[in-house]
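Protein chains in written order, with the numbering used here: chain Z, 1 to 291; chain U, 1001 to 1306; chain A, 2001 to 2280.
For the record, the hints were derived by calculation from the structure and aren't laboratory data. Among the hints, erroneous ones may be present.
[Claimed, not checked] Result set (DSS-like, lysine-lysine): computed pairs, CA atoms no more than 30 Å apart in a straight line:
no.	chain 1	residue 1	chain 2	residue 2
1	U	1027	A	2214
2	Z	281	U	1181
3	U	1012	A	2214
4	A	2139	U	1012
5	Z	192	Z	162
6	Z	162	A	2045
[What the hints assert, rightly or not] Some chain A residues judged to face chain Z by a derived CB distance under 8 Å, without partners named:
no.	residue
7	2041
8	2068
9	2072
10	2075
11	2079
12	2109
13	2110
14	2112
15	2126
16	2127
17	2140
18	2141
19	2144
Ideal Cβ placement from N, Cα and C applies to all residues, glycine included.
What follows is each chain in one-letter form.
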Amino acid sequence: MVGIVAFSVGNGSKDIFLKEGFFNFFTGADWNSVEGRESYGALPYIIGTLVSSALAMAIGVPVSLGIAIFVSEMAPARVSAPLSFIVELLAAVPSIIYGLWALFVFRFWIRDLIEMPLYNAFGRSIPFFGPTPFGLDWFTAGIVLSIMIIPIVSSISREIIKAVPDTQREAAYSLGATRWETVRIAIFPYAKSGLLGAAILGLGRAMGETILVTMIIGNTIGIAAIPHSLFSQSQSLASLIANEFNEASSNLQLSALIGLGAVLLILTMGINVGARILVSKIVKVSPGGRE
Amino acid sequence: MHRNELNSNNNKQKIQNIILRQYYKRKLADKLVSGFAILCVLIAIIPLGSILLEVIKNGASAISIQLLTFPPGAIGSATGGIAPAIQGTLIVVGLASLIAVPIGVLTGIYLSEFAPTNGLLPSAVRLFNDVLTGLPSVVIGIVGYLTIVLALGSFSVVAGGFSLSIIMMPIVVRTTEETLKIVPNSLREAGYSLGISKFRVTFSIVLAKAKSGVLTGVVLAIARIAGETAPLIMTILGTSLFFTGFTRPIDALPLRIWRLASQPYESAHSQGWGAALVLIIIVVLLSAILKILAQRSGYNVRTPHI
Amino acid sequence: MSTDNKWHDTPVPKVSKNVDETGNIEEQHRFKVSIRDLNAWFGTKQALKSIDLDIKPNSSAAIIGPSGCGKTTLIRCLNRMHEMSPGATAKGQVIVDDIDIYDKGVDPVIIKRRIGMVFQKPNPFPTMNIYDNVAAGLKLNGVRDKKLINDVVRESLQGAGLWDEVKNELDKPGMGLSGGQQQRLCIARALAMQPEVLLMDEPTSALDPLASSKIEELVHRLKSELTIITVTHNMQQAARISDYTAFMYLGELVEYGQTKQIFENPQKELTERYISGKFG
């Protein structure tokens, strides 16, 4: 049993051996991935991954916290149970279906409700609100990613908030705190590291998401994939792998793609390990939980 | 001291005044935050509603006997269906389960029942398990490619099943271990005191009690991998044919949806929605079974944080 | 300096419309806290049955009784903390000075300024230092004046008998103190809000005898400025610290009177049996 676990992890590292041929090119991170000219660099896609994930976090984490607070502090019991169920449903939707919906429905919402107005207002003067948007860009990808991480971040946050002892809440209320103030002084400081861990787990999820990003992000390669405006098409590590893997024309390109996978692997593993440490810290601090 | 008393009373008066003034501001802040929290809840619910709506709306119109039983037609044509994809999903998921479930459940049993509490091996196993849960699915696909596809020389069902089992196993291990941990120790002790061997106690008594919970975990894992796309891209390749052999490529629903969505034809998109509906029905069915099972065993399962 | 009119805006105390049934209106203002027909439930289970009680200002009252008699529920009704438990409800009147805190228009948040609470297990905020813990209530309520806060923190710590021990270590974490010190810290935190009534729910049951006696000594000192109501399961403690004692049993107020009288000459048989240790 353990064998399979170790075997799989070990197998993943076989690919590093494959890409060994140009290891320094990756760390040096030049940015040219064109067939025929056989030079591959990961930088644009690293940036694409980071940028779309960052947006996902910027939106997803506050919203998840809002939901967690609502469910644990504000909602009466008969509301919070069905609500948690609904949020879990969000997690059960396969990402391909998120992709389908995002491609045919959501992207028009974003384009018409957010991107076009921004473009009309600022587009001609500020390059950041640059060329005419049509909805398939890192911005839309980031927003859909944020929706995808809401279930994870909010449910873990909820567990963590529940773990804060009631005595803390009572102390705050007895001083005349309003509900929000109690959250602010009794819950947040106590749960800080755990909540951070939850957020980071969400980050890991966003970075590893493949099929959705592939369908939405615009699929450019090379230098063009580095986002220079709000609406520019881009590419993430995962989406490029998905796109080119089956049509890779040379062994070198294949190795490059596998190398991208290695980069992604290192990033996500580091993030997940860090997150789990943070989450376990608070659960240890208060083993009693609700009294 | 008279002066101190005066001072102190002044302070009290000051404080009382400040509090009265600030009261309305604080009330407002509280209301704003409450409103924000409610807004967040809406933000979560609206997309879900829209997704379900769209899938049902567009998918329902595409569903037909033809869609469900025919192989894909020529690209761009309105004929053809997704039958091979449905079959493929069932086969590959089934294969993955066959691999992951026994290993996963046994590992879970080991961790919960037989492992010494602070042993090196159980800690290592748990660590590896955690690591596995965090792997991006596309990387798992690469692993599947490197191991099975290259070894067998072709894209294959086996490769897909193997990859999906890597995703599935940690889930099963975790839920099995957690379910078993909940079974009260008194049950085990009762068994031992009757002279029953540890093996029999574990399998006949403890496992029997935890059956629903373990099953729940398995169903959860199946629902999860049924929707996975990335690992399949580089392992099963996807074809238009029905099952031709375990070492041959095959199609699956998520893959087919992707291919259909990527085509510029309206008819293809429509079929894609139909396939999505089929997929969601399968996943929903599984999740519903899960909830029923969970209620029956009284075990409350949250989607594991993976 | 007379204490009666300190907190009222008008020289003549306002008359509340709720006091009609209880007779003599002038009588009303001899009491700091008047409880009228207070009933409380946890879901469908009734925890308090028709409690009627009057507590004089600047006195120390103790509530005693066996486990489950409702004494904690009662005290938590006095600052409207009771209803924060899931499924908990309360009905009746609790009149502090001339305001019924259960009146429809009263916001529970604001009465907590005037009625402070100390809990059984000390609960200082773990992420704050001593100074911030004491100042927490003030800052929460919008007080920004540093000098004012400094003064109040000092006074409160002095009032809680902790000042001398921590005056040079105000920036040390609150959790670093001993149990007894933490409890006094919580008392200081409550005092900083300048309450008129201080409720204490078994404040020494988690403390060693030395720490407990320090807190008992506190009660004696503070009652000249506040009205203190203490719940305790320790009869001897009640006898030591209170002027008036209330004995409760199964959600009802059995007897209430001067402490000396309750312990030496209980009027009800139930009281006598509890006092002499026949049950509890």
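Comparing the hints with the structure gives:
1. U:1027 to A:2214: 38 Å, violated
2. Z:281 to U:1181: Distance of about 21 Å is within 30 Å: holds.
3. U:1012 to A:2214: It holds: about 26 Å lies between the C-alpha atoms, which stays within 30 Å.
4. A:2139 to U:1012: 14 Å, holds
5. Z:192 to Z:162: Cα-Cα ~13 Å, so holds.
6. Z:162 to A:2045: Satisfied, since the Cα-Cα distance of roughly 26 Å is no more than 30 Å.
7. 2041: Since the shortest Cβ distance to chain Z is 17 Å, the answer is violated.
8. 2068: 17 Å, violated
9. 2072: Because about 12 Å separates residue 2072 (chain A) from the closest Cβ in chain Z, which is outside the 8 Å limit, the hint is violated.
10. 2075: 11 Å, violated
11. 2079: Constraint on residue 2079 (chain A) satisfied, holds at 7 Å.
12. 2109: Where the cut-off is 8 Å and the nearest Cβ of chain Z is about 5 Å from residue 2109 (chain A), the hint holds.
13. 2110: Status holds, d = 7 Å.
14. 2112: Result: holds, 4 Å to nearest chain Z Cβ.
15. 2126: 7 Å, holds
16. 2127: Given a least distance of 4 Å, the restraint on residue 2127 (chain A) holds.
17. 2140: Where the cut-off is 8 Å and the nearest Cβ of chain Z is about 6 Å from residue 2140 (chain A), the hint holds.
18. 2141: 6 Å, holds
19. 2144: Violated, about 15 Å.
Hint compliance for this structure: hints 1, 7, 8, 9, 10 and 19 are broken, all remaining hints hold.
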